[in-house]
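Enquirer: Sequence:
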Amino acid sequence: MKSYDCKIGRCLLGGAVLGWASLACSGLSWAGEQGVEPAADAHFSQCVAELKQRALDEKIAPEVVDTQLGAVSYVARVIELDRKQPEFTETFHNYLLQRVNEQRIQKGRQMLKQHYDLLLQLTREYGIPPQYLVAFWGLETNFGSYLGKMNVLDSLTTLACDPRRSEFFTVELMEALRLVEDGVADHTTMLGSWAGAMGNMQFMPSAYRRYALDADGDKKADLWNSLPDAFTSAAHFLNKLGWERNLRWGREVQLPEKFDYALAGRDVRKPLSEWRQLGIRDVAGNPVPNLELSASVIIPSGHRGPAFMVYQNFDVIMGWNRSEFYALAVGHLADRINGAGELAVMPPDDERLTVETVQWVQKALTQAGYDIGAVDGIFGTRTKRALRDLQKSQGWVADGYLSDETLNLLKAASNSKQAADTDQASDSDSGEQP
Numbered sequence: 001m002k003s004y005d006c007k008i009g010r011c012l013l014g015g016a017v018l019g020w021a022s023l024a025c026s027g028l029s030w031a032g033e034q035g036v037e038p039a040a041d042a043h044f045s046q047c048v049a050e051l052k053q054r055a056l057d058e059k060i061a062p063e064v065v066d067t068q069l070g071a072v073s074y075v076a077r078v079i080e081l082d083r084k085q086p087e088f089t090e091t092f093h094n095y096l097l098q099r100v101n102e103q104r105i106q107k108g109r110q111m112l113k114q115h116y117d118l119l120l121q122l123t124r125e126y127g128i129p130p131q132y133l134v135a136f137w138g139l140e141t142n143f144g145s146y147l148g149k150m151n152v153l154d155s156l157t158t159l160a161c162d163p164r165r166s167e168f169f170t171v172e173l174m175e176a177l178r179l180v181e182d183g184v185a186d187h188t189t190m191l192g193s194w195a196g197a198m199g200n201m202q203f204m205p206s207a208y209r210r211y212a213l214d215a216d217g218d219k220k221a222d223l224w225n226s227l228p229d230a231f232t233s234a235a236h237f238l239n240k241l242g243w244e245r246n247l248r249w250g251r252e253v254q255l256p257e258k259f260d261y262a263l264a265g266r267d268v269r270k271p272l273s274e275w276r277q278l279g280i281r282d283v284a285g286n287p288v289p290n291l292e293l294s295a296s297v298i299i300p301s302g303h304r305g306p307a308f309m310v311y312q313n314f315d316v317i318m319g320w321n322r323s324e325f326y327a328l329a330v331g332h333l334a335d336r337i338n339g340a341g342e343l344a345v346m347p348p349d350d351e352r353l354t355v356e357t358v359q360w361v362q363k364a365l366t367q368a369g370y371d372i373g374a375v376d377g378i379f380g381t382r383t384k385r386a387l388r389d390l391q392k393s394q395g396w397v398a399d400g401y402l403s404d405e406t407l408n409l410l411k412a413a414s415n416s417k418q419a420a421d422t423d424q425a426s427d428s429d430s431g432e433q434p
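Each residue of the sequence shown is one higher than the one before, starting from 1 at the first, in this note's numbering.
Since the hints were made in silico from the structure, they are not lab data.
Below, in silico cross-link-like pairs of lysine to any residue (SDA-like), each with a Cα-Cα straight-line distance of 20 Å or less:
id	residue 1	residue 2
1	K59	D182
2	K258	G279
3	K384	T357
4	K411	T354
5	K270	R248
6	K149	A195
Produce the entire structure from the sequences given, and follow the hints as far as they go.
Expert: This is the structure we're talking about:
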């Protein structure tokens with residue numbers, strides 16, 4: 001961002017967080033309405049002023065900037081939700097069972113049948129099989145039953161003024177203002193999720209402007225009220241992200257007993273022929289096909305849970321949403337809607353990972369000499385890699401997964417070290433030699 005954008009990210013730092021955090025428990029809390037500290041209110045006002053200048057620098061109409069950003073309010077609940085996204089605190093077991101359940105599967109099959117003609121037409125044009133579009137619809141808005149009631153401009157402004165992802169949401173806010181310029185919606189009618197996603201398929205403003213299409217002939221792309229527009233726009237989006245026709249997202253597989261878990265992860269890609277040589281089989285026990293198709297193996301709940309081999313279209317799904325849990329849920333729900341059965345191996349029902357637990361693990365790994373980056377409470381790639389290295393050094397199963405068992409082993413090791421340090425300090429104080 002430019003120089004003033006750096007200040008945008010700092011607006012929540014100088015005491016403002018404490019002033020707003022106390023409001024989060026009351027639902028949607030608005031600056032200036034519920035006793036926000038004057039300093040916090042001033043920080044947000046300063047941030048909005050800087051955002052207005054950025055919008056003007058980007059040639060957005062002054063009247064749009066004044067009317068739309070002049071009406072925005074800070075929403076503390078948005079920051080609370082941003083810190084507690086499900087993939088940060090839930091296990092894969094809970095995430096999947098909540099999103100791919102029997103009710104949603106049956107509803108998805110009903111919606112597939114109801115809209116099949118339109119969906120089949122989109123498959124011919126864009127290459128996206130019908131069950132995938134229905135799966136996205138089901139996960140994003142429960143088949144259109146809940147499109148979100150948050151004010152998008154308020155949410156995006158709040159997130160743009162937060163240091164965690166300031167630039168990302170500033171860009172989305174600028175795109176939302178351009179949607180106002182385009183006549184799509186305004187401050188009072190642009191409603192969606194806490195993160196600014198809108199319509200049946202929950203497009204962010206940048207995706208809306210780039211990929212939304214008018215399919216019903218009314219000369220406007222309405223992702224809130226027109227299913228033809230929503231389905232067509234989703235198919236168009238996935239196609240542009242690189243969806244490969246006649247290729248599935250991935251599949252559940254069986255790993256050999258002595259599989260090297262350092263090979264698990266989307267950063268390791270091999271042809272199916274090489275995975276076959278390593279002993280990977282499908283859930284029926286057959287070797288994977290002897291093809292040159294590139295694939296990765298992922299284990300979202302460690303060595304005790306299901307393993308998946310994922311292809312190019314899995315990466316496309318992650319272009320829609322960067323969560324592996326989400327992409328797996330889309331793929332599995334699409335399979336179930338299309339008639340497939342349950343997973344052969346269910347994810348273990350481990351305790352959910354609280355931010356405090358992850359922070360403790362990150363501190364323990366850092367103290368042990370591993371580079372995990374920031375102690376942020378998010379179990380990301382670097383933390384996973386460090387944990388895997390530690391597991392390997394201790395002779396544990398090195399899958400990089402923080403299971404209940406692994407957590408208990410870490411705590412036991414930490415307690416043993418603390419006890420040893422205490423004994424050593426006691427011996428030093430007494431002058432005794434070992």
